[in-house]
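Peer 1: Each chain, letter by letter, is given below.
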Amino acid sequence: MITFDAVTKEFPGGSVAVDHLSLELPTGQITVFVGPSGCGKTTSLRMINRTIEPTSGTISIDGEDVTTQDAALLRRKIGYVIQNAGLFPHRTIADNIATVPLLNGVDKKQARQEAVELLTRVGLDESMARRYPSQLSGGQQQRVGVARALAADPPVMLMDEPFSAVDPIVRDDLQKEFLRLQSEIGKTIAFVTHDIDEAIKLGDNVAVLREGGHLAQLGTPQELLDHPADQFVADFVGRDRGFRALSFMTAADLETEPVTAYVDRQHDVRLVLDGDGRPAGWSVGGSPDLHALPATFTADDSLRLVTDLAITSPAGAAVRVDPDGVADGVVAHEAVARHLTSLRQGG
Amino acid sequence: MITYLQNNYPEVLSDLRQHVWLSLVPVLIGALLALPVGFLAVRRRSLYQPIVNLGGIIYSVPSLALFAVIPAVLGTGIVSPLNVVVGLSLYTFALLTRTVADALISVQGQATQAAFAMGFRPLRQLFGVELPMALPVLFAGLRVATVANISLVSVGALIGTGGLGNLFTGGFQLGFVEPIVVGIVLSMALAALCDVGLVLALRAMTPWTRTGARA
Chain A
1 MITFDAVTKE
11 FPGGSVAVDH
21 LSLELPTGQI
31 TVFVGPSGCG
41 KTTSLRMINR
51 TIEPTSGTIS
61 IDGEDVTTQD
71 AALLRRKIGY
81 VIQNAGLFPH
91 RTIADNIATV
101 PLLNGVDKKQ
111 ARQEAVELLT
121 RVGLDESMAR
131 RYPSQLSGGQ
141 QQRVGVARAL
151 AADPPVMLMD
161 EPFSAVDPIV
171 RDDLQKEFLR
181 LQSEIGKTIA
191 FVTHDIDEAI
201 KLGDNVAVLR
211 EGGHLAQLGT
221 PQELLDHPAD
231 QFVADFVGRD
241 RGFRALSFMT
251 AADLETEPVT
261 AYVDRQHDVR
271 LVLDGDGRPA
281 GWSVGGSPDL
291 HALPATFTAD
301 DSLRLVTDLA
311 ITSPAGAAVR
321 VDPDGVADGV
331 VAHEAVARHL
341 TSLRQGG
Chain B
1001 MITYLQNNYP
1011 EVLSDLRQHV
1021 WLSLVPVLIG
1031 ALLALPVGFL
1041 AVRRRSLYQP
1051 IVNLGGIIYS
1061 VPSLALFAVI
1071 PAVLGTGIVS
1081 PLNVVVGLSL
1091 YTFALLTRTV
1101 ADALISVQGQ
1111 ATQAAFAMGF
1121 RPLRQLFGVE
1131 LPMALPVLFA
1141 GLRVATVANI
1151 SLVSVGALIG
1161 TGGLGNLFTG
1171 GFQLGFVEPI
1181 VVGIVLSMAL
1191 AALCDVGLVL
1201 ALRAMTPWTR
1211 TGARA
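For the record, the sequence lines run as chains A and B. Per our numbering, the first sequence starts with residue 1, numbered consecutively. Per our numbering, the second sequence starts with residue 1001, numbered consecutively.
Hints were generated in silico from the structure; no laboratory data involved. Note that this is a predicted model, so its numbers are computed, not measured.
Here are the simulated SDA-like pairs of lysine to any residue, each with C-alpha atoms no more than 25 angstroms apart in a straight line:
1) A/108 with B/1112
2) A/109 with B/1123
3) A/77 with A/8
Far from chain B, some chain A residues (derived; all Cβ distances over 12 angstroms):
4) 1
5) 16
6) 334
7) 342
The beta-carbon is built from N, C-alpha and C at its ideal position, and this holds for glycine as well.
If we strip away everything but chain A, and leave its shape as in the complex, we get (with noise of 0.2 angstroms):
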């Protein structure tokens, strides 16, 4: 658990990045700082690892204040992931990841035999370990920047806007892959973005920070979208929060209409599926080329997603399918609004 005590930063100058800042990151956790700029949500990640001493307060991990340990041996012992991944350009991939089982002494053949078990971790083919980082696109510069924070195994990470420098595909993949790669690490994490979207959709807990390093508003995303703190909150986390809060919401209990119903009615769209039962698009208009679907989903995903197939399919209807991709429901968009109107009167 990493705490913070009344933590306040003034820079010489007297602006006041962060003031009496108090709040807890639970261990195992995501932890999202999110707000404007000059909310303070980089200089309060920086003093976890005393990048930037505190003015005043205290932060202590696991109940022992960072400031009274050696400052070098501290960093060594939190993971540190950048924007833009701030790789050594001068050395190889598995020598970036291995740079801090180097520093802490560790045999350099079996650092660099870890690290090259690690890149396949974050997704990328052992091959890279010799080339340099010129040589890889932003997304796999930032893989290695996430392995290289994770080399010496360290409990607790820092992640400074990791993701803002590549594009929306990517990042959606790289969010995914970090969300499955810490279910299997569970590591203590604080995580800076000034993307809302992003931080509820990686925050386990998020704390919203106004101007002037205040802490507006701590709370899970479920609770930012429902019960904002105040107009500040409601206003940042924006109007289609409600749109949002759909994430949070399972698609199991929508009551869905056979596929059968799609696939044989008398009607200008009809479902056509493959010789396996899976979905194979919409004809529309007795045209023999099919309208693709976008996606379909399972009953493990969100109202969002199924609000989003639903509106955008030509039959506003999404399409339902089991583990095997066999279509087994249809869920057309005023099923939804009926499932929501429901939701509202019994909650």
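Given chain A, work out where chain B should sit, using these hints.
Peer 2: Chain B only, in chain A's frame:
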């Protein structure tokens, strides 16, 4: 010309040998001195301007005057080769201090921030991250200093130790053009050879700069 070389090659060879060490030893000494001082100028930014100015002043002292003053200051003999070594070391130091400081400043960025945040201590960060990244800029300065030294050694002939410069003074005194031409050609060839050597050394030390970088 051929006859001149046939008759005088032992002298020419010994002048060339002297020229090599008179010019290259100071590069080494000057570079070793410039490293810590350049590093200091980066660490203590308030010292950057004074240090760079000092380098400029040293470099602006005329070489002949410097060679003549050094024996008086150091108490070395007026014809001691040490005078040339000390003088050229000073020039190299003056030239490279700024190069070192600017090279180290130029590599500050994401990678050095990351190094600091991952637990590098200052010296290890200097030798493990900053200097290797600064090699291309450092070598640019080193090439200039080396070539400048090779050309400056000749001036030492006027105070008795000048490597190939001895051929120039000898040629002038005796009214022979051959030794002057031989001296110029060998001096330029030596400069070119050292320059190529430095380029190759840099290539060998920086494989990461030739990886067909992506944008």
